[in-house]
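Chain by chain, the residues:
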Amino acid sequence: MMESNLIRYVSKFRELGLLGFIIILAIVIQFLNPAFLTLGNLSDMLKNTAILCILALGMMLVLVTRGIDLSIGATLALSGMITALTVSAYPGLSPFLAILLGIIVGSACGVILGLLVSKVGILPIIASLGLMNAFRGMTFWVGGGDWVSAYQMPDSFKGIATSNILGINTLVFIAIIIFLFFYYFVNNTITGRQIYALGSNPDSAKISGINANKVYMLVYTLMGGLSGLAGVLWVSKFASSQGDTASGYELTVIAACILGGVSINGGVGKVIGVLLGAFLLGVLDNGLPLINVSPFWQMGIEGVIILVAVLFNTEIKKKVEKNNRLRRVI
Amino acid sequence: MSTRTINNVQNFSWKRFMLQWEWMLIALIIIIFIVNSSISPYFLNFTSISDATMTFLDKAFIVFPMVMIMIMREIDISVGSTVALASVVMATTFNAGLPMELAIVVCLLVGALCGFFNGFLLVKYRELSAVIVTLSTMILYRGIAYMILEDQSSGGFPSWFSYFGWGYIGPIPFILLLFVILAIGFALLLHKTVFGRQVYAIGSNTTASRFSGVKVDRIKLIVFTLAGVMAAITAIFLTARMGSTRPNVANMYELDVIAMVALGGISTAGGKGKMLGAILAVFVIGYLQYGLGLINIPAQMLLIVIGVLLIASVTVTNLRVKGKFKTSSKSDSKEKVS
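Order-wise, the sequence lines are chains A and B.
Residues in the first sequence are numbered consecutively from 1, following the numbering used here.
Residues in the second sequence are numbered consecutively from 1, following the numbering used here.
These are calculated hints, taken from the structure and not from any lab test.
Straight-line Cα separation of at most 25 Å, BS3-like style, residue types lysine-lysine; simulated pairs:
1) B:LYS215 with A:LYS318
2) B:LYS272 with A:LYS119
3) A:LYS270 with A:LYS206
4) B:LYS124 with A:LYS318
5) B:LYS272 with B:LYS192
6) A:LYS47 with A:LYS237
7) A:LYS319 with B:LYS124
8) B:LYS124 with A:LYS322
9) B:LYS124 with A:LYS317
Covered stretches of chain A (chain B as the covering partner; in silico rule of three or more C-beta atoms under 8 Å from a C-beta of chain B):
10) 254–260
11) 307–317
Residues from chain A shown here face chain B by an in silico Cβ test under 10 Å; the list is partial:
12) ILE68
13) LEU70
14) LEU116
15) VAL120
16) LEU123
17) LEU129
18) LEU131
19) MET132
20) ALA134
21) ARG136
22) GLY137
23) TRP141
24) GLY248
25) SER294
26) MET299
27) ILE301
Here a beta-carbon is modelled for each residue, glycine too, at the ideal position from N, C-alpha and C.
One chain only, chain A, in its complex shape:
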């Protein structure tokens, strides 16, 4: 009985458990290298995690509808490249317009994917795989195979990543705004709830009058728009845009969602969880080099942690379901 209580507790406060794990990890890292929990390092870490958070929030909605989007790395690169080329041609362009341009390009990519998934009915994994290739190729094509380097970009553009709004770094500020928006959107709007309804049972959702195609379009367009935004931020942060920018980053984003407790079978996922999942990867990225773990071990360690988290999750879920069944019998 005590065990089952514990399990129910853990499953209810999954996010708390994740937070606990992050804190323990942080303490261990801090113990080994006191430079970890300094203000400078923490703000660095936040800056580095901001883009991952933005993308993971969008990916959460896609995963909740039982979809997946493998094209976001390429969408990010394409909109980053187009924006970088534009600002290097028109150095006077306001950073706001640059961000807007990135969002528009990204949304256009998202609309294409949304159409393929909703109207044509291609499985998301295949459609986004095809588009990933196409967008990646277009990035090389648009850029002529060249980089756009730091000296070609105006200072105002590079300033997006280094400037502050209300004393907070702009990247972090944007991530916070998007987080708050998502928190409200997902929990308090009808459309937000429809996304979850569609994900947990597509058939009954359609029967109850939810326009599935509209929801799919919305989710993928939103994901595309966020990827576009992330593309501008990425290029501004690294002050260079290349054909292979963020290649394979979609997997990191999906990993953050999975760590955050989003189910790839749809219908399940919390905004807070995703944020913590992204933070966990951020702490690992930032902390492991600080305690002299070879950067080449990082990927393996991340792999083990993701696998353990996934298996742990299903074990807990299994036990909870078993307990529920037991209770029903009694």
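With chain A's structure known, arrange chain B on it following the hints.
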């Protein structure tokens, strides 16, 4: 309702025969051949056509098990990482003093183990989707490859090893010959054996096949292990062709392979598709790549072409499936009337 027997051999119909997706792929190959030979006068001869296969066939070995996996409505995105890990372990054990022959065996074992582990996780945790499991192992396997070799490369293989990459048997490249033999083997396995029928059954309805006594778990384990073994074979050919290996080899191979399988007309909804289609798709993409190389179009442009081709082919397949549903419902209604 009259009782209706379903023939286990469908009646031959010319219309159905000609409407097969494979003809479309053959037409594509012919178009590519015509375009290629109009670009380069050196393209259209036996040596050139058969030698070109050496450049693109290595990853094609994974296509065979991937067809089965996708027919079972699963997916394996860890195969690229498996290639890297198998290749890295092979090179490392060889350089640690193991004879090359044994290192190749070790490579195959590592591949089998990686595939088995995927299958084991999927069977043990049925509620986990293959996307999650193989995504995790994809990161894990490549991570282990990085742990072993870090930023180094490993090579110095004996000279006979390069035979896998560049060798001939008579006038035919060794890799092409092995590909054809394995293609026939896998096609027979999928289309002519009980095992193959069971793979289709699992894809059409896993629960129903479980209740009808199909050993779903065992078949999944076997197919995923096969995927690992084929990834190891890819690793051998790839390593032999390049002469050395690094942890970042075979990056994104899984996506190329899945693209080939989807282009080959294997329905992503499971239960449908033929080995032949995927094999033809290998050559479509391979010769397309070769042709674009002939006119100096950068490899990145090929990405656009493959992406568009993939989406277009799946779209056409989807429309085709929809059309089939229509015709079948029509014939049903006719039966009801009679």
